[in-house]
Structures are given as C-alpha cells and as structure tokens.
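Undergrad: Residue-level listing of the chains:
Number of protein chains: 2
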Amino acid sequence: MKPLCWNTLSSTTILDVTPWFSVIEDSISLPSGRIIDDFYRIEAPDYVLITAQRDDGYILMERSYKHCLKEIILTSPAGGVNVGESPLQAAKRELLEETGYEADTWCPMGAFRVDGTRGICNAHLFFAKGLRLVAKPLLDDMEECELVFMSQDEIHTAVIDKKIPLLPDIAILSMATSTLFSSFTQVFAQ
Amino acid sequence: MKPLCWNTLSSTTILDVTPWFSVIEDSISLPSGRIIDDFYRIEAPDYVLITAQRDDGYILMERSYKHCLKEIILTSPAGGVNVGESPLQAAKRELLEETGYEADTWCPMGAFRVDGTRGICNAHLFFAKGLRLVAKPLLDDMEECELVFMSQDEIHTAVIDKKIPLLPDIAILSMATSTLFSSFTQVFAQ
Chain A
22 MKPLCWNTLS STTILDVTPW FSVIEDSISL PSGRIIDDFY RIEAPDYVLI
72 TAQRDDGYIL MERSYKHCLK EIILTSPAGG VNVGESPLQA AKRELLEETG
122 YEADTWCPMG AFRVDGTRGI CNAHLFFAKG LRLVAKPLLD DMEECELVFM
172 SQDEIHTAVI DKKIPLLPDI AILSMATSTL FSSFTQVFAQ
Chain B
22 MKPLCWNTLS STTILDVTPW FSVIEDSISL PSGRIIDDFY RIEAPDYVLI
72 TAQRDDGYIL MERSYKHCLK EIILTSPAGG VNVGESPLQA AKRELLEETG
122 YEADTWCPMG AFRVDGTRGI CNAHLFFAKG LRLVAKPLLD DMEECELVFM
172 SQDEIHTAVI DKKIPLLPDI AILSMATSTL FSSFTQVFAQ
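These protein sequences, in sequence, are chains A and B. Sequential numbering of the first sequence, starting at 22, is according to our numbering. Sequential numbering of the second sequence, starting at 22, is according to our numbering.
Note that these hints are calculated values from the structure, not bench results. Some hints here could point you the wrong way.
The list makes no distinction among identical chains, and a pair is therefore deemed to hold if it is satisfied within one copy or across any two copies.
[To be verified] Simulated crosslink set (DSS-like; lysine-lysine; CA at most 30 angstroms straight-line):
| # | residue 1 | residue 2 |
| --- | --- | --- |
| 1 | Lys150 | Lys184 |
| 2 | Lys157 | Lys91 |
| 3 | Lys183 | Lys23 |
| 4 | Lys184 | Lys113 |
Take these sequences, add in the hints, and give me the full structure.
TA: Below, the structure written as structure tokens:
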C-alpha cells in the first residue's frame, strides 16, 4: 500500500527543558481521516559524533561514565552543536576539547535522525584522519574520560563484550568499516 | 583522567506519557562533589529492528511516512517489544505483521542503547534470512507502507540521496555489511 503524508492540525509544547530538549504533542489527521490527538515528538539540539583514526589505523575512543546506563563505557568523541556553529566546526571543537587532538582530514559521513518515531535530533557523523596531539583535553567535571586507542579487532571484541553499548557508536564505527559504505568518505568529500 | 561513577540522590518523573515514554529528572552528585539538580533522562519501551535478507541478497525495506520528519522515507522493519514478549518474539511478530514474511534463520546482533545522554531505550537488532511470504501484511492506518527489496548498491545510493535518513537503519545496515563485524552473526548465533 502506498504511504501518504499526515496533516498536522496543531502542535503544543508540553515540556520545555531547553537547552536539553522539549516535548511536543501534535494533533494529526491520518490519510484514513482518523484524528490522533496525542502524537508525541521530542526536539533536541543536534550533535556530532566522530570516528578519529590514527595513521596506524587505531581508533580514538573515550572511556567515560554514562548516567543513563549507570556504567563506565567506551564511546566515540561527541558533543552538541552550539548555536551559530556548523556541524564541522562543532566536530573540530569537540575533538580538541575532549581529546586534545586536531585532524588533517575531515570527511562528513552524513546527518541522520536519531529516532524514527520521536525524532529528537540529527547526529552528524564525521571521519577524522591525520591526528596530531596539540593540547591537553579541556573537560569539566561532567565529562571526565580516559582516552584509549583501539584496533578494529579490539573494537569488535568490545562490542561483543557490551563495552561499546550505544547505537550511535555502532552506526559510525560500522559505517566507517562497512563494505556497503566503502566509498562513503570519497562520496561525501566531493 | 580515570572516569568515576556518579551518585543518584533522587529521581522524579516529571512527564508521563506512557506507553510512549516518560521523562525523569535526577538529582546527582558528581565525583567532584558538585550537585546537579536537573539531569534529564527519557525512558521508553525497547524496540526491535530487522535486516531481512532474501536468498538472492536483496534486503527488505519499507517505504513509509515518518511524522517526525514529515517525509516518506525508506526504513527497516521495526516495532516495539510488548510486555511479556522476548525481543526475538517481537522481531518475528513485527516482521510478519508489517511484511507478511517469516524467516528460517534469526541471528541476534545485540541490543544497544539509543542515546548516550538521555538513554531512551534499547534497540534489539536482528538479521533474518531465508524469507518466506506466508501472509498479507496486517497494518493499521498509522503504519501504511510499501515493501521494497533493495540491492546493497541501491541501499548505498539511497543513503547518499537521504532516502534512508534514520541513524538506527544506518547502524543495522552497515553492521550487517561491515568488515569489522563480519563474524557477528556467527558470534551471536552461538
């Protein structure tokens, strides 16, 4: 059956905890004519996520505490896009702040919506190569982390051992090493 | 710097729109001693996401309307895990309901948290092979979709053309075709 678009009749913000996120209740009219009065969306600022690869192939990961899991896990450098900043500017700033590294080459790998139902925000993915340590990390007390360079085998094992438990990390790490997307960095770099 | 865990001092549900999601405000104590009174988490039911591959290698995708994007897009079969259901049971039910297909082989590819800050829920990923059409799709008026079998080249092009704009789809499709995760289905099938 061919899908058709829905009509939005009204939108009401029912929770506003900006700058973190807000919750919007939409009233919508379906193609069938049925009215849904309580379709909930979440809107949050976009973020960047970075696979940063050293010249020897090792990938820079961060060991840090994630409160939503109440665990210390391995994750990729990431952070919010500030107002007035492009995603690439945010990626360069976050990599430098969190790790002290700059990169010679930045390949955008696309922007993707985090959740197909609630929406939330876009994650902007970047592949950074040619790493140079130029500073000390500049982290506040909510961002403490330990830097770890990992081989692809070590990442593979860490995913199986549930040490890399976040879906966005799975997306960027597997996209960066997928046969399906092997031409991605070339395509997006054009 | 070695990361340390945070202490949760209290948790208050500030928005409850179950069965969709709820928003929790945590008061936390950081390792530095600083108190954060407003750390927001989102809790939602887990969902399943399925890469279903036909014997000729083509992958089953759905063309459907996503209200959070206000667009008709391509996405993988997916759906919520019901109370009392295992993720595998949910995956088999959702594939049958949405597409009319059953699969001979189901390989779990892991469960991953959707968002590292807000948490939200786990996405349970499955790779289904040996597809057999056994029924007509059983969809309500919020789930209208058109089924499309796509080659890996067509998926690659669709991602570049922003026709597959959801991060969870990028995760499962690239994981299923990643050199990094080439042994995954074997590992998780054990």
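Undergrad: Next, verify each hint and record whether it holds.
TA: Hints, one by one, checked against the model:
Proximity of Lys150 and Lys184 under a CA criterion of 30 angstroms is satisfied in both settings, with 24 angstroms inside one chain copy and 28 angstroms between copies. For the homomeric pair Lys157 and Lys91, the shortest alpha-carbon distance inside one copy (27 angstroms) is at most 30 angstroms, but the shortest distance between copies (43 angstroms) is not. With identical chains, the CA atoms of Lys183 and Lys23 are at most 30 angstroms apart between copies only, with a shortest distance of 19 angstroms across copies and 39 angstroms within one. Proximity of Lys184 to Lys113 under the C-alpha cut-off of 30 angstroms is found in both arrangements, the shortest distances being 26 angstroms within a copy and 27 angstroms between copies.
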